[in-house]
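**Student:** Given only the sequences and the hints, what does the whole structure look like? Please build it.
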Amino acid sequence: MKYQLMLKDILKYSERANVSDEELHALRAAFHIMQIVPKAANDMMDVGRLQGFEGKITSQGKLLMHGPLACMEGSAAQGFRGKELQVFLFEQSMIFSEAVGRKTQFTNPVYVYKGHVQVNKMSLNERSEDGDQCKFLIQSTDPRKPNLIYTCQGATPALRDEWVATVKGILQTQKDFLKAIQSPIAYQKELTKDAPAFSFSPPHGMPPRSASEDRPASSGRPAPVSRLPRLQSVPQSSKPADSSKSRLNALVGGLKTLTTNTNSRRWSETAETCNDECDMLRPQSSLPPLSPRHSSISSPNSLSPNHSYKNGCTPPSSPSKAWAFKFRKPSFSKNSRQSSCPSPTSPLLDLENHYEIVEELERGSRAVVMACRDRKTGREAVAKLVWREKQSEAATVAEYRMLKRLGHPSLPKAFGLYSAGLGRDAIVMEKVRGSELFSFVCEKDSYCEGSVRHYMLQALSALVYLHTQTRVAHLDIKPENILVEPNNAGMGRLIIVDLGDAQVIGDDNEVFANGNCLASEMQPSSVEFAPPEVIQRGRVGAGFPSDMWSVGVLLYAFLSGVSPFLDDSPEETSAHILNVDFCYPHEFWAGVSERARSLIGRLLTLETHSRATALQCLSDPWLLQNGEGCRIQSDRLRTLVERRKRCKIMLSPS
1 MKYQLMLKDI LKYSERANVS DEELHALRAA FHIMQIVPKA ANDMMDVGRL QGFEGKITSQ
61 GKLLMHGPLA CMEGSAAQGF RGKELQVFLF EQSMIFSEAV GRKTQFTNPV YVYKGHVQVN
121 KMSLNERSED GDQCKFLIQS TDPRKPNLIY TCQGATPALR DEWVATVKGI LQTQKDFLKA
181 IQSPIAYQKE LTKDAPAFSF SPPHGMPPRS ASEDRPASSG RPAPVSRLPR LQSVPQSSKP
241 ADSSKSRLNA LVGGLKTLTT NTNSRRWSET AETCNDECDM LRPQSSLPPL SPRHSSISSP
301 NSLSPNHSYK NGCTPPSSPS KAWAFKFRKP SFSKNSRQSS CPSPTSPLLD LENHYEIVEE
361 LERGSRAVVM ACRDRKTGRE AVAKLVWREK QSEAATVAEY RMLKRLGHPS LPKAFGLYSA
421 GLGRDAIVME KVRGSELFSF VCEKDSYCEG SVRHYMLQAL SALVYLHTQT RVAHLDIKPE
481 NILVEPNNAG MGRLIIVDLG DAQVIGDDNE VFANGNCLAS EMQPSSVEFA PPEVIQRGRV
541 GAGFPSDMWS VGVLLYAFLS GVSPFLDDSP EETSAHILNV DFCYPHEFWA GVSERARSLI
601 GRLLTLETHS RATALQCLSD PWLLQNGEGC RIQSDRLRTL VERRKRCKIM LSPS
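Each residue of the sequence shown is one higher than the one before, counting from 1 in full-length UniProt numbering.
One or more hints might be untrue.
[As the list claims (entries may be wrong)] Under the rule of at most 20 angstroms between Cα atoms (straight-line distance), these lysine to aspartate or glutamate pairs were calculated in the EDC-like manner:
#, residue 1, residue 2
1, Lys404, Glu380
2, Lys168, Asp132
3, Lys478, Glu436
No lab work stands behind these hints: they were computed from the structure.
Only a predicted model underlies this, so the values are computations on that prediction, with no experimental measurement involved.
**Tutor:** The structure is reproduced here in structure tokens:
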């Protein structure tokens with residue numbers, strides 16, 4: 001602080017001494033930085049004192065504003081009873097906390113988390129119901145929190161206006177981002193519509209002269225026009241409506257503004273021809289070469305307006321393809337594999353022309369999942385938008401073709417493959433109206449062993465279809481990828497989703513990679529469900545037995561509410577998996593049938609060839625028996641779900 005005051009005095013006395021403007025500018029810049037740096041440091045120290053927020057604070061974006069506000073939950077129509085809270089406004093969320101403790105010479109208060117509202121699910125009401133000029137309302141639009149409203153009151157109207165302006169700015173940024181996602185082409189045009197066109201401007205004092213002035217007399221005729229021969233076999237394409245020719249008349253004594261009219265043609269378009277002609281001036285031999293930096297021709301006499309010729313260009317009748325894909329498909333017989341000819345390329349349709357983006361559902365490392373609606377039929381769906389820099393277009397095409405082959409009630413249906421602009425591809429799939437399996441079960445205080453059997457039968461039936469009929473290994477079986485869609489029966493339909501890591505397995509167990517995730521780093525939340533071969537060799541060593549190991553871990557957690565191999569760190573968890581180090585504690589397994597433990601033992605086996613297949617599991621005695629079995633309390637499973645949600649939030653990209 002004393003350095004800041006010292007610099008302030010130096011600036012004040014320098015201004016009185018009338019020092020040079022350059023020195024004053026440097027002092028003002030230094031004083032400005034001296035004000036910003038301590039404030040930014042204090043802000044980060046305040047953020048570090050925030051306690052109890054379960055999300056990842058570094059994923060909330062830049063801290064835009066923070067300070068004390070008098071806040072209360074609900075509207076102020078029934079009387080405002082606000083309590084002073086420390087409010088942090090980030091780019092992604094607005095966090096409300098309560099200061100505990102006092103600031104002294106040696107201590108600072110800590111901020112205990114009270115609640116938050118995500119910016120993408122927030123609305124702002126600038127005026128309160130009682131008309132107070134110092135109040136504004138923050139309301140959550142999250143359907144899971146329909147009644148969450150915070151009434152905030154600033155100390156002064158100016159402070160309230162500053163908060164309102166900052167919140168309005170970040171909400172407008174969110175709207176612009178959503179607009180860019182829904183209509184990237186229109187959004188890009190809107191950004192560039194005011195950009196000035198490039199042209200040659202005449203210098204000041206030399207106005208352009210008309211074509212009828214100072215035209216030199218010449219008895220010579222223009223140079224003959226040479227034309228290139230045309231390919232008559234090429235179909236004629238329609239010309240643009242404006243067929244006028246762009247000319248440049250350079251006259252002695254003046255300069256003419258050069259304007260351009262560009263007509264582009266894509267050479268990859270099949271059976272398209274370009275018949276446009278342009279008039280080009282033939283320069284004299286004495287004309288010096290021009291640099292791109294030159295904005296005018298300095299010597300008008302070196303350019304003759306009567307020397308011109310026409311140049312035409314016609315592409316070949318069979319233009320080369322922009323690219324072609326060649327896929328290798330395993331033969332499911334004893335015959336050898338054959339490679340087919342590359343299929344003709346076809347551009348992807350634009351997503352925005354067929355589907356309306358509604359909202360963002362989930363964001364991952366390679367893709368973002370958006371809720372969308374068919375513009376023609378109104379059918380709701382989900383679009384998985386994949387960045388090409390994270391996953392190649394060929395890999396996305398292979399993933400879509402694999403999804404398109406699926407025809408099982410417990411597997412998602414793919415509707416189409418589109419281009420989403422901004423370097424992204426989109427796979428549109430059916431929308432599952434349900435929740436994750438464990439969350440669905442935990443809605444009640446307890447569940448029975450028979451319910452576990454019911455859902456495991458559906459999951460194993462889907463895996464039998466994947467492994468035997470399509471030769472596809474899922475390779476990412478975990479609770480978050482198993483959803484339940486409620487039905488009239490009450491139990492719900494189980495659906496296995498997220499086949500982004502799935503691979504095609506050949507007859508000789510050779511992995512035909514989709515081009516994605518073979519060498520990707522495994523997320524810590526996925527380690528506890530990963531098989532030993534994947535931990536040792538990555539997904540290159542994965543196959544059908546890898547799915548069955550994950551099913552065994554899933555069944556163990558379903559019946560006990562705890563994870564069999566989980567430890568304090570991913571390294572310790574991996575060591576337990578590699579050693580197959582697990583047990584059945586009595587406090588977690590009391591009452592669970594011995595047949596269920598036997599099935600888990602057949603799945604959690606180190607040797608891949610010894611693990612039970614999905615088809616063998618369907619005939620297991622435990623899955624064939626009837627009855628509800630023992631009752632299992634939901635509290636442990638609920639704790640497991642909450643722990644994995646916190647881990648997912650901490651690892652989610654900002």
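**Student:** Going back to the hint list, which numbers does this structure go against?
**Tutor:** none
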